[in-house]
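Once you have looked at the hints, place chain B on chain A.
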Amino acid sequence: MRAAAFFIPLPEPEALLAWLDATYGLPADLFAGHRFWLRTDSGTLWLTDAGTVPPPGVRLDAFGLLAFRDAPPRGRPTNTFALRFGAHATKSVLELGVAASRALLAGEPVAVADATETGWRIVRGPGQVLGMGWVAEGQLRSELPRSWRLDVDPATGWPDA
Amino acid sequence: MSLQRYLDVVDDADAFLCAAERPLPRVIWANPLRQDPAKTAEEVRRLCPEAEPLAWRPDAWRLPPEVKPGRWVPWMYGRVHGQEEASLLAASLVDAQPGERILDLCAAPGGKTAGLAVAMADRGTLVANDRSYGRLSAIRRVLDRLGVTCAAVTCGNGVHFPAYPGGYDRILVDAPCTCEGTSRKPGGHQDVTSERYRRTIVQIQTALLRRALRLVRPGGRVVYSTCTYAPEENEAVLEAASTEPFTIEPVVAPAGLRLAPGLPAWQGQTFRPDVVNAVRLWPHHNDTGGFFVAVLKQGA
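If you read the protein sequences in the order shown, they are chains A and B.
Under the working numbering, the first residue of the first sequence carries the number 1, and numbering increases by one thereafter.
Under the working numbering, the first residue of the second sequence carries the number 1001, and numbering increases by one thereafter.
Isolated chain A (complex conformation) (with noise of 0.2 Å):
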């Protein structure tokens, strides 16, 4: 049994809510109905709905939603964070085509040529947010969990075109 998981309101939020606007173009006011937490034992931070209250006496195993695994700017957003809020982003920002779309799904590198910077992406296919990606030498590396490529058939993202 692992020890209890201690969750405490995020000290100073607003340098993390500066960065999600500087890196992302994420506003503050996104998450103005939400609220950033610390999980003290492992350093990750987690969003939740503004009201939300932890239960006492009993041990979290998980509170809200995974938003960090490491604190920025040496961390990036969850797949999870990304998903939920990346449709907003305005900044490091990848669109992809339904071709691209489909061979990120299926795991095939995707060459983004005219991407020259490296770093993290939010990648964004039509009409959807796909979750995070790392873009280094013209070529897009997937970032989203392996089983998801086992699992999931591409084509049904998108009718052909």
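This list has only true hints and no planted wrong ones.
One-sided and incomplete, this derived list gives chain B residues near chain A with beta-carbon spacing under 8 Å:
| id | residue |
| --- | --- |
| 1 | V1073 |
| 2 | G1124 |
| 3 | T1125 |
| 4 | G1147 |
| 5 | V1153 |
Beyond 10 Å from chain A on every Cβ pair, some chain B residues (computed):
| id | residue |
| --- | --- |
| 6 | R1022 |
| 7 | P1186 |
| 8 | T1193 |
| 9 | R1199 |
| 10 | A1260 |
| 11 | V1276 |
Covered stretches of chain B, going by a simulated chain A footprint (3 or more residues, C-beta under 8 Å):
| id | region |
| --- | --- |
| 12 | 1060–1072 |
| 13 | 1076–1089 |
| 14 | 1127–1138 |
Honestly, the hints are just simulated from the structure, not real lab data.
Beta carbons are placed, not taken as given, at the ideal position from N, Cα and C, and that holds for glycine.
Coordinates of chain B only, in the frame set by chain A:
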């Protein structure tokens, strides 16, 4: 098969036994936290033209058993979630509201938990508890995929679950049971139920329901459900939990669903009169799994 013991209380014995053997239709519902359900409806129609909306839940569809929605991109991204129709009814009878404090005492694998979070519009506090640490990951996977932020996943014995100051607004006790109603699912109940196991599980069910009645706020709602037909695990548990004050509220059948009332007596034992307000879903009535649901209001 052990289902023979219910032939005296079911309206059509042959239809019941036949239905209990047939594969269960798949049901999926649109997750409004991810996308406007109208857009999801278009996706579902594109991927499965035979999808048939449920009469009582137009945002949920019945799919032919051979369709595998778990391989769809909309499933991967949490725009749809699969849940048996009977289980969908149990979660909807909790009538969760945004901003409330709600406890799902036996939450794994998380299908009903997901339904509660969506009914709460992802606002408030949803405590998803399970005694088995190994089954918590299943709850977390569902909540992550659907993008839920209002849930706390906890590992505790429901019988001793700690109180929340002021009490929970609503509690779902989807109790562990002999699972006789799951005979239509792959890997569901097939064999004869052990009566010894049943006697053990009845003690746990009763203790869980009593605890829930103490954890809920005065006048709050407790929904007790099982996926089994046995009155020992249903009406008799409601009777045994009557050491705590509660009334069983009538359930209005949603459009297109046929619900059978709770049994006032079984094998010589008679139950409190309001057990007839509880409902039982027989597999041949609605082409669902077997289920039992009672909606309880705390207080005398």
